[in-house]
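Sequence lines, in order, name chains A and B.
Add 13 to a position in the first sequence, counting from 1, and you land on the number used in my numbering.
Add 18 to a position in the second sequence, counting from 1, and you land on the number used in my numbering.
Read the hints as simulated data drawn from the structure, not as lab findings.
Check each hint, because a few of them may be wrong.
[What the hints assert, rightly or not] With a straight-line Cα cutoff of 25 Å, these simulated PhoX-like cross-link-like pairs (lysine-lysine) come out:
| hint | chain 1 | residue 1 | chain 2 | residue 2 |
| --- | --- | --- | --- | --- |
| 1 | A | LYS84 | A | LYS166 |
| 2 | B | LYS204 | A | LYS139 |
| 3 | B | LYS242 | A | LYS191 |
| 4 | B | LYS251 | A | LYS84 |
| 5 | A | LYS166 | B | LYS251 |
[Claimed, not checked] Interface residues of chain A toward chain B, partial, derived using beta-carbon atoms under 8 Å:
| hint | residue |
| --- | --- |
| 6 | ILE147 |
| 7 | GLU148 |
| 8 | GLU157 |
| 9 | SER170 |
| 10 | ILE172 |
| 11 | ASN266 |
| 12 | ASN268 |
All residues carry an ideal CB built from backbone N, CA and C; glycine is no exception.
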Amino acid sequence: MDKKVYVTGIGIISAIGNNVAETLDSFNSLESGVGKLEHIASRHKDEIPVAEVKASNEELTAMAGFSSDYKNTRTALLGIIAAKEAVKSAGITNIREFRTGLISATSVGGMGMTENLWMDYLDTEKSGDWLRYIESHECGDSTEAIGDSIGVKDFLSTISTACSSSANSIMLGARMIKQGLLDRVIVGGTDSLSKFTINGFNTLMILDREHCKPFDAQRKGLNLGEGAGFIVIESEEAAKGKEILCELTGYGNANDAYHQTASSPDGAGAYLAMEKAFSVSGLRPADISYINAHGTGTEINDLSEGTALDRMFGKKVPMISSTKPFTGHTLGACGGIEAVFSILAIKYNMVYPSLNHVHQMAELSFTPVKEFKKNQQIDHVLSNSFGFGGNTSALIFSRAKIEN
Amino acid sequence: MEAYIRGVGIISPQKTFDTEEFLPEVVEYSNNSLRCMEPSYKDFLNPTLARRMGRVVKMGIAASSACFKDSGIAMPDAIMTGTALGCLEDTEKFLLAIIENDEQFLTPTSFVQSTHNTVSAQIALQLKCMNYNFTYVHKGYSFESSVLDGLMTIAEGNGKNILVGGHDEMTDKYYRVCDRVGYWKKEMVPTMQLINSKSDGSVAGEGAAFFMLSPEASDKNYAKLRSLKFIYKPENQQEIESRISEMLAEKGLTANDIDLVIYGINGDARYDGIYNQLKDSYFKNSTAAYFKHLCGEYQTSGSFAMWLAARILKSKSIPPSVLIGDNRHTSIKNVLIYNSFMGTDHAAFLLSQC
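Only chain A is shown next, with the shape it has when bound in the complex (with noise of 0.2 Å):
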């Protein structure tokens, strides 16, 4: 198991920019994505703020390259959008040069048409040609429409394990790469916001009305997002001559097993996660520079992932901070959308601050990273994503030591 697997590429598209340049700004300029929710009909649009991206479907399929007549759901344009622009990233040309793979994560797939076609659907007498939305309810549709779009063929799959699915398609990724299965695969995940899960997260009572406050002792809860993050994985040989942006070192997936929804107060399965990565990687809690942490917002999840980080780190916790406050909590696709934050931290040397944290939590013996910080030697990075179904799922990317 010594096949290195190598970042050569990064997509992103989120509430704070159509691609890595604008979202690079939005972080320079400490400008959040949460707002007023203005793509979707909803009752709670005034009420409930959220991440969402700034532009309508038309405009998004546009974005992607297509004309009018194509039609899609947002959660395929998005990914679309995102997995293109990692791909020329990459700086390939021919995608079918080397086995390429396509692994893709979502939450709710196409729930975002559905939502609105539903009673549409049933009723015999009415047709149309939005019938073919039918077919992008599935989860696999975006990735279908993805991987299409790219000219994936070599292989495709979907994860769905809620908030953790595309730390989980990156984490399968390298595993194929390092099982010599795929030499390179395109990474990460995609959701859009829908009236589904506005409400499924607010019956559950674990939406901020104002903007998140991750870490904060008088936290209130999330703000949901939207988004897509996808990241080209390369073996050594498929990598060769290319500009390496970081090597992802680590990886690990456990099960909280303690609550169909809530995490365990000790972070029983953060800690587990973590730790697996740790061993997979090589490295000890002490070498990592910069924490990207899960860090919704939530009064459960900020303990339990706290606890786990002051056990796992002995209470010497390295620079952490939560980017939810800049793009909400984007489900299904914010493993992929903070990869990519973590590739461009250590890239830059840089570490995000954690909007909106004011109040130290007694619990816990950190306090996130308030200020942007440059300069910095930001050598390894952990990313945490946690999901509903005690899913928990660690990653590690690491400065490459060999510049090719």
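Once you have looked at the hints, place chain B on chain A.
For chain B alone, coordinates are given in the frame of chain A:
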């Protein structure tokens, strides 16, 4: 990457659960929507918990429990399941509540149960199993991805007892919705007539099937799973055949070594040609079988096919109800499954006698 199938557990539209018998008789359907023969869940779940769970979650718990029992394994080293549609019943419940009540007066139960990873999560929760846990949701590759992950996990040396499985449920409403895009036959086709049907569309199915994969040889094993290939959107028959040839060559085999081929024939005139061409030319010397008349068409039907192959290899017998033509082989050593869902997600499995 290879593994033994140590144990199985399956709930299907046939009598497959809690029985030693191997498809003793065919349960016939003539309504184009085959639904599972569900057991009484009180042996697997406390009634309060069961009331809150959707049908597919209960089927998943019961079928996986049967697999644990069959394999003699209490705690798996990893759990990975595949489901294309997730928990459809609860998804519809929450969706309808949003629409009918205009986003008001909602309760979280059906939302919480609707998440695609509910089955693998509930299995972990019931067992207090903190090990690796994945849920795949890729249409006709949902179950296949879970099996591939199982094979990889064994190859990595990360476990000796790996639970893989596939589960999907059909609902009355979703049947009607899929009917609008031509999934199902317009005329009612009884079970044993499906293979002779010449019209477009198939009959709907569902099921939950689990397998314990293990790297260790044992008298208890059903079969050896030797290879699994994904053939995404093949451009023509030649591509399918060359991919199968490659797969067999990797194991030192040719088409003539395959004693039995299990085809995903579903009575849909649009897609059955691919299977028939394989049957009549590439695999012309192999015994042929099919299964979708017994379980219906659904995205994770590959799990029913893998169960069928495993049982055939263990029992050394082929139930007459799945045969197409005669059984030309006195002994069945190598079985190939060729299956696809709606013409896009094709997959081939190779299984051999232990």
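A quick look at each hint next to the structure:
no.	hint	in the structure
1	LYS84(A) <-> LYS166(A)	holds (22 Å)
2	LYS204(B) <-> LYS139(A)	holds (18 Å)
3	LYS242(B) <-> LYS191(A)	holds (24 Å)
4	LYS251(B) <-> LYS84(A)	holds (20 Å)
5	LYS166(A) <-> LYS251(B)	holds (8 Å)
6	ILE147	holds (5 Å)
7	GLU148	holds (6 Å)
8	GLU157	holds (7 Å)
9	SER170	holds (4 Å)
10	ILE172	holds (6 Å)
11	ASN266	holds (5 Å)
12	ASN268	holds (4 Å)
Violated hints for the displayed structure: none, as all numbered hints are satisfied.
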